Amino acid sequence: MAELRLTGRPASPGLALSRLFVLADAERAAASRSAEDPEREAERLRAAVAGAIEELEQVASPADDAARDILEFQIAMLGDDALSEAAFAVIADGGDAAGAWQAALDTQVDDYANAEDEYFRARSADLADLRDRVLRILSGARQQSVPAGTVLVALDLPPSRFLGIDWQAGAAIALAGGSPTSHVALLARARGVPMVVGLGADVMRVPSGQEAMIDGERGTLVVAPGEATRAAAQVREVEIRKRQAVTDKFQHAQAKLPNGEAVTVMINTSGPDELSLLDPAICDGIGLVRSEFLFHGAALPDEETQYLAYVRILEWAGSRPVTIRTLDAGGDKPVKGLTLDDEGNPFLGTRGIRLSLLKPDVFRVQLRALCRAATRGNLKIMLPMVATPRDLAQGRAHLAAVIADLAARKTPYAEPPLGIMVEVPAAAIAIDRFDADFYSIGSNDLTQYVMAAARDIASLSDYADAADPAVLSLIARTVEHGKRTGREVSLCGDAASNPAVVPHLLDAGLRSLSVSASSVGLVKAAIAGALVG
Amino acid sequence: MKNGTATDQAATGAIVIAHEVGLHARPSVKLTKLAKIFGSKIELGLSEGGPWIDAKSIVKVMAFKAAKGSTLHFRAQGGDATQAVAALVDLVRRDFDERHGGG
Numbered sequence: 000m001a002e003l004r005l006t007g008r009p010a011s012p013g014l015a016l017s018r019l020f021v022l023a024d025a026e027r028a029a030a031s032r033s034a035e036d037p038e039r040e041a042e043r044l045r046a047a048v049a050g051a052i053e054e055l056e057q058v059a060s061p062a063d064d065a066a067r068d069i070l071e072f073q074i075a076m077l078g079d080d081a082l083s084e085a086a087f088a089v090i091a092d093g094g095d096a097a098g099a100w101q102a103a104l105d106t107q108v109d110d111y112a113n114a115e116d117e118y119f120r121a122r123s124a125d126l127a128d129l130r131d132r133v134l135r136i137l138s139g140a141r142q143q144s145v146p147a148g149t150v151l152v153a154l155d156l157p158p159s160r161f162l163g164i165d166w167q168a169g170a171a172i173a174l175a176g177g178s179p180t181s182h183v184a185l186l187a188r189a190r191g192v193p194m195v196v197g198l199g200a201d202v203m204r205v206p207s208g209q210e211a212m213i214d215g216e217r218g219t220l221v222v223a224p225g226e227a228t229r230a231a232a233q234v235r236e237v238e239i240r241k242r243q244a245v246t247d248k249f250q251h252a253q254a255k256l257p258n259g260e261a262v263t264v265m266i267n268t269s270g271p272d273e274l275s276l277l278d279p280a281i282c283d284g285i286g287l288v289r290s291e292f293l294f295h296g297a298a299l300p301d302e303e304t305q306y307l308a309y310v311r312i313l314e315w316a317g318s319r320p321v322t323i324r325t326l327d328a329g330g331d332k333p334v335k336g337l338t339l340d341d342e343g344n345p346f347l348g349t350r351g352i353r354l355s356l357l358k359p360d361v362f363r364v365q366l367r368a369l370c371r372a373a374t375r376g377n378l379k380i381m382l383p384m385v386a387t388p389r390d391l392a393q394g395r396a397h398l399a400a401v402i403a404d405l406a407a408r409k410t411p412y413a414e415p416p417l418g419i420m421v422e423v424p425a426a427a428i429a430i431d432r433f434d435a436d437f438y439s440i441g442s443n444d445l446t447q448y449v450m451a452a453a454r455d456i457a458s459l460s461d462y463a464d465a466a467d468p469a470v471l472s473l474i475a476r477t478v479e480h481g482k483r484t485g486r487e488v489s490l491c492g493d494a495a496s497n498p499a500v501v502p503h504l505l506d507a508g509l510r511s512l513s514v515s516a517s518s519v520g521l522v523k524a525a526i527a528g529a530l531v532g
Numbered sequence: 000m001k002n003g004t005a006t007d008q009a010a011t012g013a014i015v016i017a018h019e020v021g022l023h024a025r026p027s028v029k030l031t032k033l034a035k036i037f038g039s040k041i042e043l044g045l046s047e048g049g050p051w052i053d054a055k056s057i058v059k060v061m062a063f064k065a066a067k068g069s070t071l072h073f074r075a076q077g078g079d080a081t082q083a084v085a086a087l088v089d090l091v092r093r094d095f096d097e098r099h100g101g102g
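In order, the protein sequences belong to chains A and B. Take the first sequence: its position 228, counting from 1, is numbered 227 in numbering that gives the first Met the number 0, and each next residue is one higher. Take the second sequence: its position 72, counting from 1, is numbered 71 in numbering that gives the first Met the number 0, and each next residue is one higher.
It is worth saying that the hints were derived from the structure and are not from the lab. Predicted, not measured: the structure shown is a model, and the values here were computed from it. We treat Cβ as the ideally placed atom computed from N, Cα and C, and that holds for glycine. Mixed in with the good hints, there may be bad ones.
Simulated DEER-style distance windows between Cβ atoms [said to hold, decoys possible]: (1) 226/A with 69/B: 54 to 64 angstroms; (2) 115/A with 50/B: 10 to 20 angstroms; (3) 242/A with 47/B: 30 to 40 angstroms; (4) 46/B with 50/A: 33 to 43 angstroms; (5) 50/B with 93/A: 28 to 38 angstroms; (6) 47/B with 485/A: 24 to 34 angstroms; (7) 9/B with 199/A: 50 to 60 angstroms; (8) 331/A with 50/B: 37 to 47 angstroms; (9) 387/A with 32/B: 58 to 68 angstroms; (10) 15/B with 485/A: 36 to 46 angstroms.
Put together the whole structure using the sequences plus the hints.
Okay, structure coming up:
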């Protein structure tokens, strides 16, 4: 068989090379049979549900909390009559136990699958798990046993099924469907089992017994890997192990230069959902909240929705600072019904603060929500795409108006510091004209504007170098101004997450970086000078 | 309460849910377990006017899919209604005794 490469979504990191074991979908196929009398069918269903509860109670008493929570949740669901009442109603009307149960649970599975929130969506797997367990018991079939140390391939994997499998070294999970936020993904991460989800239905057609390589970090599955792929994997495995050791060592420590000087390392985030999987102790705060996450729905978010989202982020951060950037729509981030779509060059168009000043109603709703949320933590407001002192002055005037209104209505609020993104060269070159409370260098946009190379043109990616001396000189200029005037300067672009660029940023005088959460350990190692060689 | 006896109380309470992923699996298990301790009929709603569901049914509580920031309204009727509502509101206030940041 020729090498076959499938790409899905990463769910649990790690590499594995092993034989595939395809879990037959037949496990859940409980042949529907003709119904006997309703009382007998109801009794069969009651017995099967009781049997399922018993099985779950017998799954090896799990050591970790996550596993225990999942089992406890499933047992509680099965033990609740509300789960089966629809099925018993169908049975009373002459339905058979399996058909009635399947229909009732399918409704529940669909209901969760259509939930707005990804966490609730992921629960549809738990419901499907319960459905299939009871169906299997009704059919009298046994569970297929999964050989130890294989790459398990399935449509989706129920959490209770995961808990019943012996996960030795070399074992991994490759799912046609699934979600990185599912219970089973959580379990896989906790047990260190590499896992890729969303590989598509094709993966189910690969025969069991084939050798395959799974990369839980890149989200790939390579069936029948060739020599070149194997060699590359070996190199990567060494790399990953080395990097993991470094990351583990530095992740939770305060970042320090080799001379002991402390460096602030914060994280960038696109909203509270992704934060819930992170330990706040790894960072010194949030240097950039991209508030665009609130604007992806069908309608613009109202003040209450925004307020609650900001509070959720502040609560995660505790006393750590949280810098929230006002809506940075436009450029490569259009928002339906808000951004202008007839601009020939959107990167040089009505984006960031320019759009906010054009739509003051939308801007003020956001500012109100931010000022109210500021009572609940260490919140700062940052304006994107500021190019002239007038942009900042107008932004400040809106903030003042919002605060006056909140005060007049006796609504609890706090006045957050107001800073600017330094990403337009005009701001970096004449930084002393901008009387902001703090500065945060947006290295992605600053680089594209300095180099005159659009970020979304792949063939120009060589120009997208934040370590270019022209870019670094503007960064240094901003840092100097901050030092002279006693204002904080940070950097929150991709450059800060790149360990190769970090030394240049430190040389330019920066002592505060905001990076992607997954690179915190690496960046701290780079700051400590521990990545040489 | 005009017609109530000393053992037949009615109580209500409301609180904003602060748990990071809302009324999720683990919090729902805790909430329904606590509700079942009380003899009173206890109902849960997402607004003052309902609709109301049985706070002792995890299937129904989960089906609410209450996100973080939703206000949970409790109403109870029975001998221990006041204690029941107070205990449930307190559980939500304590954020279900969970620490933030964990998976």
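**Report entry** Verdict for residue 387/A, residue 32/B (Cβ pair) under range 58 to 68 angstroms
**Finding:** 59 angstroms, holds
Query raised in the report: Is 36 to 46 angstroms a correct range for the gap between the Cβ atoms of residue 15/B and residue 485/A?
Result: Once the Cβ atoms are compared, 38 angstroms apart, the range 36 to 46 angstroms for residue 485/A and residue 15/B holds.
**Report entry** Status of the given 28 to 38 angstroms range, CB of residue 93/A versus CB of residue 50/B
**Finding:** 31 angstroms, holds
Requested in this report: Check the following: the C-beta atoms of residue 46/B and residue 50/A are separated by a distance inside 33 to 43 angstroms.
Outcome: With Cβ atoms ~40 angstroms apart, the hint holds.
Report task. Starting from the range 24 to 34 angstroms, see whether the pair residue 47/B and residue 485/A falls in it by beta-carbon distance. Result -> 50 angstroms, violated
Query raised in the report: Is the distance from the Cβ of residue 331/A to the Cβ of residue 50/B consistent with 37 to 47 angstroms?
Result: Given about 43 angstroms between the Cβ atoms, the range holds.
Requested in this report: Indicate whether the distance between the beta carbons of residue 226/A and residue 69/B respects the range 54 to 64 angstroms.
Outcome: Since the Cβ atoms of residue 226/A and residue 69/B sit about 56 angstroms apart, the hinted range of 54 to 64 angstroms holds.
Report task. Go ahead and decide if the range 50 to 60 angstroms is satisfied by the Cβ distance of residue 9/B to residue 199/A. Result -> 55 angstroms, holds
Requested in this report: Using the beta carbons of residue 242/A and residue 47/B, state whether their distance is inside 30 to 40 angstroms or not.
Outcome: This hint is violated: roughly 53 angstroms between Cβ atoms.
**Report entry** Pairwise beta carbon distance, residue 115/A to residue 50/B, judged against the given window 10 to 20 angstroms
**Finding:** 18 angstroms, holds
When each numbered hint is compared with the structure, violations occur for hints 3, 6.
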